[in-house]
Every structure is written in C-alpha cells, then in structure tokens.
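Participant: Can you build the whole structure from these sequences, using the hints too?
Below are the chains, spelled out letter by letter.
Protein chains: 2
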Amino acid sequence: HTSLCTDTRGEDRIVVWDEEFFQGRRQEFTTECYDMRAFPGWPCFEHVGFQGQQFVLERGKYPRWEAWSGSHAYHMERMSSFRPIACANHRNSKMTIFEWENFLGQKGELSDDYPSLPAMGWGSSAVSSFHAHSGAWVCSQFPGYRGFQYILECDCHTGKYKHFREWGSHAQTSQVQSIRRIQQ
Amino acid sequence: HTSLCTDTRGEDRIVVWDEEFFQGRRQEFTTECYDMRAFPGWPCFEHVGFQGQQFVLERGKYPRWEAWSGSHAYHMERMSSFRPIACANHRNSKMTIFEWENFLGQKGELSDDYPSLPAMGWGSSAVSSFHAHSGAWVCSQFPGYRGFQYILECDCHTGKYKHFREWGSHAQTSQVQSIRRIQQ
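Just so you know, the protein sequences line up as chains S and L, in that order. Mind the numbering: the first sequence is residues 1 to 184 in the working numbering, read in order. Mind the numbering: the second sequence is residues 1001 to 1184 in the working numbering, read in order.
To be clear, the hints were calculated from the coordinates, so they are not data collected in a lab. Keep in mind that a hint or two might mislead.
[Stated by the list, open to error] According to the in silico footprint, chain S covers these stretches of chain L (three or more CB under 8 Å from chain S):
no., segment
1, 1050-1061
2, 1110-1122
3, 1139-1146
4, 1171-1181
Where is the CB? At the ideal position from N, CA and C, for every residue including glycine.
Facilitator: In structure tokens:
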C-alpha cells in the first residue's frame, strides 16, 4: 500500500510513501525542467518503461492506493513508472476522433471536456483512432471518466493513434465513452 | 451483476438488466417530462429513498457493475434508487466553495470543470460548504474525479450545503479534490 502526493507548492515533484496516509518510507521525484505550467499532470503506468495500464495523476493528495489506481475492472495495485507531461494550454487543445481505425468513418472535433460522448451525439460507444492536434488528453472506457484510462498527446506518435494497439487499450477494444483535456 | 444503459436515442430513460452485457431480465424506467435537454444525467443512490453512496450516470453504456459503481474505497454492488436531474445550461453553471463549514473561510468561485482543485490554487484538500447558484455539480474525493462522488444542485437545499452532513460525505470528512458540472 502506497500513498502519493503531487506537490502543490509550485514545484514539479511527486512524493511516494510505502504506507497509507503518507506514512513509512518516503521517496521524492522531481523533474529537471522547472516550469509548473508545463506539467499539469503525471501520466503513470502499471509496469516499468511506461507499459501496462495508464492513468493520470492530477495535483493533489492520494492517501491510499484505491485513490489513484484505476477502475474496478482491472485490479491494479502497483505503479512502476511515471513521467511528467508537457502539453499545450488546455484552452487551445484540439483533437479529432474517428469511428474506425486508420482515421476513417464518422469524425468528431473536440476542444472541450466530454463526460459523455453519446450525449454529444457520438453514435457509438467506441472511438477507434485519434489525431491529437494540440494538448494532452485522457480518454476513458465508460461515461463520467470511469474505467480504463488512455493518455493521448500531440507530442507522441506526432499525435496520431491509428489503432487501439497504438493507444494501448487494455480492454482490447475501442470502447471509449468519455474524454477530457489534461488541465493544469 | 447488472448492466445499465441510459438511452442515447433522444429519450429520457434508463434501462437496467440483471445480467452483465445487457443480458437477462430487462427493466425500463422513463421520466414523465419529455425534455432531453433538461435531464443530462441520472443521480443514482446505493439505498432506496435517495440515500447512501451517490454517483452520476451520464448517457452511455455500462456493461458491468464495475463500470458504474463508484470507487475502490467502498465496495458498492447495488443501486437502489435513481432520479433524473434538472439543471441549468452548464455553460451558466456557478458555484461558490468554502474552506470551512457555514460558508466561512477561504472562498472560490467556480464556473468550469476542475479535475484538480489544488492545481487551481485551492490551498486545501477539503471543501466544507458549498453554495450552488446555478446548475448541478458532482464533487469527488480525489483528483481526476476519483473516489466518492457527491451531487450538488441549485434546486435542492436552495443550493446551500453548509456542512458535510448536508452533502452526504461517505468519507465523513470534507475531502473534495475535484469538481465538475453535470453536463448534457
């Protein structure tokens, strides 16, 4: 069991404890680049080398692993790698979503947060490919930002994710029902 | 195990199955008032009479109970009551948050979605009282809309929630680290 805190005092660091409620052995990680605005969140990964289940830690306090680990759907108890994220001013974030892989089928232009894609008129419970023109985004399997999370960045893959294997679907499907910007 | 679907074909209804993946006995609930814009989400409750743990279901498909049940923090497997929510155009949503109970202490004015209150400069991991001037809101215990959820509406309590007992904190604390509007 581990507790986490991404610092709120103007420094880009992540502090990890090996016991709940900020007790036990403490380890601190900082970034080389000191620019608070550039790092609104920390993409974290289940396995080393940025592999496995993904999730974003926004600034704040996570006193127990249940607070930061993803969803009930997949019982994840470890976080093995993380990195800071660089992204555009979220007010300029733009992404195109596609119904089918390889940027085909119905198309949607996003520039806001969408707790429910069906509610915005998206006629499917799936998104198969993405083009992140600017900013960094987190997509979730279920409405209301629930379930598996997938991180998409304009700075990775030149922002182009043409198949669910490229955005790392743990569900092995294109099931995506909510999308939001990673905001500072 | 139950699957759920809040309909996307322009009708305000919620459909519940007693097996996963939309199988088994099917029950359908509709609202009397037909106005899609008026009901952007369904506040759901663990117990009958709108009691117990709260969560919002946005429009979409929830194939397993893990998809809609809240957080790891409290293992909830049932949903016993729900109702449609009426709220203002979310673009006009306004809420004031207060550090202490009874609308005292540091104050923050909200009109947007905030995946991390610490990141917007809120100096605490708690919000003790709320005044929802317009719209309906969902507050979460942890950043990134994780953990226990609490629903706040301008139409309930005349929008005033002066103590965590009034907004129904299951954590029995004022721990709130992310807040968003309930959007259509």
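Participant: Against this structure, judge whether each hint is valid.
Facilitator: We went through each hint and held it up to the structure:
With a cut-off of 8 Å between beta carbons, the segment 1050-1061 of chain L has 7 residues touching chain S; three or more are needed, and the interface restraint holds. Here's how the segment 1110-1122 of chain L fares: 7 of its residues keep a CB closer than 8 Å to some CB of chain S, so the rule of at least three is met and the hint holds. Here the segment 1139-1146 of chain L counts 6 residues with a CB under 8 Å from a CB of chain S, which clears the bar of 3, and the coverage holds. Under the rule that three or more residues need a Cβ within less than 8 Å of chain S, the assignment of the segment 1171-1181 of chain L holds, with 3 such residues.
In this structure, every one of the numbered hints holds.
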